[in-house]
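Counting from 1, one number per residue, gives the positions in the sequence shown under UniProt numbering.
Bear in mind the hints are in silico, worked out from the structure with no lab data behind them. The model shown is predicted, which means the values in this text are computed figures rather than measured ones. It is possible that some hints are incorrect.
[Unchecked claim] Taking CB as the label site, the calculated pair distances span:
1. L79 - A239: 39 to 49 Å
2. V131 - D93: 52 to 62 Å
3. P128 - A228: 14 to 24 Å
4. I138 - F17: 20 to 30 Å
5. A185 - R235: 33 to 43 Å
6. L69 - R234: 55 to 65 Å
7. R235 - L103: 17 to 27 Å
The C-beta atom is built at its ideal place from N, Cα and C for all residues, glycine as well.
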Amino acid sequence: MTRALILLRRRLIGSIFVLLIVVIGTFLLLEAAPGDAVDAYIVSTGGDAGMIELLRHRWGLDQSELTRLANYLWALLHLDLGQSVTFSRPIRDVILERLPNTLLLMVSATALSFGLGSALGIYAGARPGSVRDRILSIGSLALYAIPGFWLGLVLIVVFAVDLRWLPIGGIEALASDKTGLDRAADIAIHLVLPVAALGFIYLALYLRMMRAGMAEVWRQDFVLAARAKGLSRRRIVLAHVARNALLPLVTMLGLQSAQMLGGSVVIESVFSVPGLGRLAQEAVAARDTPLLLGIILVSAVLVVVINLLVDIAYAFLDPRVGAGEANA
1 MTRALILLRR RLIGSIFVLL IVVIGTFLLL EAAPGDAVDA YIVSTGGDAG
51 MIELLRHRWG LDQSELTRLA NYLWALLHLD LGQSVTFSRP IRDVILERLP
101 NTLLLMVSAT ALSFGLGSAL GIYAGARPGS VRDRILSIGS LALYAIPGFW
151 LGLVLIVVFA VDLRWLPIGG IEALASDKTG LDRAADIAIH LVLPVAALGF
201 IYLALYLRMM RAGMAEVWRQ DFVLAARAKG LSRRRIVLAH VARNALLPLV
251 TMLGLQSAQM LGGSVVIESV FSVPGLGRLA QEAVAARDTP LLLGIILVSA
301 VLVVVINLLV DIAYAFLDPR VGAGEANA
């Protein structure tokens with residue numbers, strides 16, 4: 001436990017600097033882009049020079065770039081993400097409304113891809129070179145090559161339009177008065193296609209990694225010793241080969257969190273899921289820089305937290321991890 005706490009403390013200190021770099025870098029990049037929220041507002045609604053000057057002053061766009069950056073960092077120290085230009089509401093409230101939908105989509109897709117991908121990888125790697133191994137390897141390669149948005153559109157056409165088994169999009173039925181378990185079931189039905197579209201792509205990755213890891217572990221000396229002792233193949237696969245091959249997948253789980261979050265942006269657009277992805281699109285279209293900064297910051301925090309949890313889990317699974325840091 002002490003080793004895990006030391007590892008967590010070191011990772012937290014490093015994460016603060018990472019988030020600071022993300023905030024400053026994103027702010028400077030957005031400032032370098034042409035146009036701002038006033039330009040987007042005037043294009044959509046019209047206005048004269050007086051209105052432009054008034055809006056720039058109201059939204060603080062008449063200040064220098066460094067002044068706005070300093071004000072933004074000072075507000076972040078007080079956990080204030082600012083005011084959304086598009087929604088005229090605190091950014092924190094706007095993000096908290098959409099964040100649960102994105103988290104639900106990401107967690108469900110991760111559970112599907114990691115769980116089913118690992119199981120199929122164990123099934124394929126239990127007998128390397130067999131027919132089932134080759135079929136699963138080829139199928140996973142083909143699935144990984146499919147773009148997520150295309151797979152989502154195919155799933156909509158087949159299961160929502162042609163067969164009419166599942167809803168086309170959204171997170172739940174519009175104007176629904178369902179509560180409790182009925183609402184949970186409605187949300188689950190609406191998430192089937194988005195989770196499948198997002199999860200199947202990464203399922204192929206975990207399958208191939210698990211299969212490759214097991215093929216490598218099969219050649220280790222301790223596996224040969226276990227076979228020499230007369231242990232059953234099933235016990236060798238589950239207790240020795242799969243257990244050791246699973247460690248790299250835990251690391252990949254943290255590394256893929258950022259890509260999973262990026263993939264959810266596309267899937268949310270395809271299936272009209274009101275999450276952070278669609279909110280980011282709305283912020284970009286309106287040139288709502290504070291809102292976009294808040295979304296990117298929250299996304300970065302999510303990725304950092306996921307990687308922290310993965311590091312802790314890896315430290316428990318492999319006692320060698322963090323041992324050098326704990327002794328330092």
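Is 39 to 49 Å a correct range for the gap between the Cβ atoms of L79 and A239? holds (47 Å)
Does the Cβ-Cβ separation between A185 and R235 fall within 33 to 43 Å? Given about 40 Å between the Cβ atoms, the range holds.
Against the range 20 to 30 Å, how does the distance between the Cβ atoms of I138 and F17 compare: consistent or not? Between I138 and F17, where Cβ atoms are some 44 Å apart, the hint is violated.
Consistency of beta-carbon spacing, D93 to V131, with hint 52 to 62 Å: holds (55 Å)
So the hint says 14 to 24 Å: do the beta-carbon atoms of P128 and A228 match that? Because 19 Å falls inside the window, the suggested range holds.
Could you check the hint for me, namely that R235 and L103 are 17 to 27 Å apart, CB to CB? violated (38 Å)
Check the following: the C-beta atoms of L69 and R234 are separated by a distance inside 55 to 65 Å. holds (60 Å)
In terms of the numbered hints stated before, the structure departs from hints 4, 7, listed from lowest to highest.
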